[in-house]
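Participant: Given next are the chains, with one letter for each unit.
There are 2 protein chains.
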Amino acid sequence: MSDAHERHRLQSLLDAMPPVAAMGIRLARLDAAGLRLEAPLARNVNDKGCAFGGSLASLLTLAAWGVLESRLRQTGIEAEVYVAHSELEYSSPLYEDLAAEAPPPEASAFSALLEKLRARGRGGIVLTAEARDAGGRVAARLQGRYAAVLRR
Amino acid sequence: MSDAHERHRLQSLLDAMPPVAAMGIRLARLDAAGLRLEAPLARNVNDKGCAFGGSLASLLTLAAWGVLESRLRQTGIEAEVYVAHSELEYSSPLYEDLAAEAPPPEASAFSALLEKLRARGRGGIVLTAEARDAGGRVAARLQGRYAAVLRR
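So the protein sequences, as listed, match chains A and B. Just add 29 to the spot in the first sequence (first one is 1) and you have this note's numbering. Just add 29 to the spot in the second sequence (first one is 1) and you have this note's numbering.
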């Protein structure tokens with residue numbers, strides 16, 4: 030599947046989730062360097078005029094979820110991907126549009142996940158994602174453990 | 030301030046945040062036992078028909094935030110409350126309306142926070158929240174560190 034088709038498929042998946050659509054989340058990039066999601070501040074603002082922590086959590090959780098979902102799909106594997114555990118560090122308030130980037134899964138960890146999926150139909154992997162402002166300062170960071178389960 | 034007034038004030042704060050309003054979050058209870066937030070599944074559903082992880086993260090983050098914000102207000106303190114760090118455990122998929130409960134801050138930790146606010150205008154506290162299904166099974170759990178900063 031081409032990158033353009035894969036981007037379209039993933040954006041459609043996002044748009045089909047009402048809370049994700051409400052946040053105005055847009056897939057800005059999906060390639061070998063990972064996945065980038067963006068969302069307008071106006072739809073994700075809190076009582077203090079900066080990005081709502083729950084929106085940052087959602088964007089980061091989705092970025093890492095999407096990079097894995099997509100990578101599995103491009104490897105020819107149909108699996109459901111769930112977040113199982115996450116740790117979120119909020120470093121500084123963000124007063125601009127939101128953006129989150131997740132790098133692709135680390136190669137050896139991804140191989141180990143594929144092995145687990147082949148052997149017993151499910152497996153877990155640790156992924157990361159970061160939200161930075163336009164100046165490159167980290168606003169929030171996620172480390173998450175995700176579970177993948179083969180579709181029957 | 031009466032509990033009814035405080036509930037109304039807090040619900041107004043929630044409604045004023047676009048991502049929170051989009052999730053349909055309603056303050057269901059606020060009393061000495063803590064705070065309970067609810068949200069309809071239809072507005073918070075993912076691609077698998079169960080509660081979106083980001084919505085659970087938002088609801089849990091807000092429940093603990095709200096219980097502290099409100100408790101400070103009822104103590105006569107005007108402070109901005111921010112989430113600084115959180116750990117989320119997703120135990121089981123939730124196929125029904127979302128609900129999250131946060132107990133009030135533990136008494137000695139709250140006293141320590143008040144002391145820090147008096148001494149230097151800011152302080153932190155660790156809070157918890159849980160999302161359970163109607164049968165009482167935990168779907169997701171948060172432990173979060175929150176920062177409070179006195180308003181000038």
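Don't read these hints as lab results, they were simulated from the structure. All C-beta atoms in this analysis are idealised placements derived from N, C-alpha and C, irrespective of residue type, glycine included. Do not take every clue at face value.
[To be verified] Derived DEER-like restraints, expressed as beta-carbon distance ranges: (1) A:R102 - B:A141: 30 to 36 Å; (2) A:G78 - B:E118: 27 to 33 Å; (3) B:A113 - A:E125: 17 to 23 Å; (4) A:P122 - B:R149: 43 to 49 Å; (5) B:E118 - A:P122: 45 to 51 Å; (6) A:R180 - B:E116: 52 to 58 Å; (7) B:Q40 - A:R166: 30 to 36 Å; (8) A:A148 - B:D44: 23 to 29 Å; (9) B:R166 - A:A33: 41 to 47 Å; (10) A:V167 - B:E107: 41 to 47 Å.
[Claimed, not checked] No farther apart than 20 Å at their CA atoms in a straight line, the calculated lysine to any residue pairs in the SDA-like style are these: (11) A:K77 - A:H114; (12) A:K145 - B:H114; (13) B:K145 - B:E159; (14) A:K77 - B:A176; (15) A:K77 - B:E118; (16) A:K145 - A:A113; (17) A:K77 - B:K77; (18) A:K145 - A:H114; (19) B:K77 - A:S41; (20) B:K145 - A:A62; (21) B:K77 - A:L179; (22) B:K77 - A:A45; (23) A:K145 - A:V167; (24) B:K145 - B:R102; (25) A:K77 - B:R174; (26) B:K77 - A:V178; (27) B:K77 - A:D126; (28) A:K145 - A:R102; (29) B:K77 - A:A138; (30) B:K145 - B:E118; (31) B:K77 - B:I106.
Participant: For each hint, tell me whether it holds in the structure or not.
Facilitator: Going down the list of hints, with the structure as the test:
For the pair R102 of chain A and A141 of chain B, the supplied restraint of 30 to 36 Å is violated, since their beta-carbon distance comes to about 49 Å. Separated by about 31 Å at the C-beta atoms, G78 of chain A and E118 of chain B satisfy the suggested range of 27 to 33 Å. For the hinted restraint 17 to 23 Å between A113 of chain B and E125 of chain A, the CB-CB distance of approximately 20 Å keeps it satisfied. Between P122 of chain A and R149 of chain B the C-beta distance comes to about 19 Å, which lies outside the given range of 43 to 49 Å.
Roughly 26 Å separates the CB atoms of E118 of chain B and P122 of chain A, a value that falls outside the hinted 45 to 51 Å. Between R180 of chain A and E116 of chain B, the C-beta spacing of about 29 Å breaks the proposed range 52 to 58 Å. Taking 30 to 36 Å as the suggested C-beta distance range, the pair Q40 of chain B and R166 of chain A conforms, at roughly 33 Å. Our hint of 23 to 29 Å for A148 of chain A and D44 of chain B is violated, since their Cβ atoms are close to 49 Å apart.
One distance hint, 41 to 47 Å for the beta-carbon pair R166 of chain B and A33 of chain A, holds here, with the actual separation near 42 Å. For V167 of chain A and E107 of chain B, the hinted distance range of 41 to 47 Å is not satisfied, since their beta carbons lie about 29 Å from each other. At roughly 28 Å between alpha-carbon atoms, K77 of chain A and H114 of chain A are farther apart than 20 Å, so this suggested pair is violated. A distance of roughly 31 Å separates the Cα atoms of K145 of chain A and H114 of chain B; the hinted pair therefore is violated under the 20 Å criterion.
A threshold of 20 Å between alpha carbons decides the hint, and for K145 of chain B with E159 of chain B the separation of about 27 Å lies outside it, so the pair is violated. Between K77 of chain A and A176 of chain B the CA atoms are separated by roughly 14 Å; this keeps the pair inside 20 Å, and the hint holds. For the suggested pair K77 of chain A and E118 of chain B, the alpha carbons sit about 27 Å apart, so the restraint of at most 20 Å is broken. Annotation: proposed proximity of K145 of chain A to A113 of chain A holds, straight-line Cα distance about 16 Å (limit 20 Å).
At most 20 Å may separate the alpha-carbon atoms for a hinted pair to count; K77 of chain A and K77 of chain B exceed this at roughly 33 Å. For the given pair, K145 of chain A sits about 19 Å from H114 of chain A by alpha-carbon distance, which is consistent with the 20 Å threshold. Under the criterion of a C-alpha separation no larger than 20 Å, the hint pairing K77 of chain B with S41 of chain A is consistent with the structure, at around 14 Å. For the hint pairing K145 of chain B with A62 of chain A, the CA-to-CA distance comes to about 44 Å; that exceeds 20 Å, so the pair is violated.
The suggested pairing of K77 of chain B with L179 of chain A holds, with an alpha-carbon distance near 13 Å, which does not exceed 20 Å. Taking the CA atoms of K77 of chain B and A45 of chain A, the gap is about 10 Å. The hint holds against a cut of 20 Å. Between K145 of chain A and V167 of chain A the alpha-carbon distance is near 33 Å, which puts this suggested pair outside the 20 Å criterion. About 16 Å separates the Cα atoms of K145 of chain B and R102 of chain B, which keeps this hinted pair within 20 Å; it holds.
Distance hint between K77 of chain A and R174 of chain B is fulfilled; the C-alpha atoms sit about 18 Å from each other, no more than 20 Å. For the hint linking K77 of chain B to V178 of chain A, the alpha-carbon distance of about 12 Å falls within 20 Å, and the restraint holds. As the CA atoms of K77 of chain B and D126 of chain A are separated by approximately 28 Å, the hinted pair breaks the 20 Å bound. Restraint check for K145 of chain A and R102 of chain A: satisfied, since their Cα atoms lie roughly 16 Å apart, inside the 20 Å limit.
With a CA separation close to 25 Å, the supplied pair K77 of chain B and A138 of chain A exceeds the 20 Å bound. For the hint linking K145 of chain B to E118 of chain B, the alpha-carbon distance of about 30 Å lies beyond 20 Å, and the restraint is violated. Distance hint between K77 of chain B and I106 of chain B is unfulfilled; the C-alpha atoms sit about 43 Å from each other, more than 20 Å.
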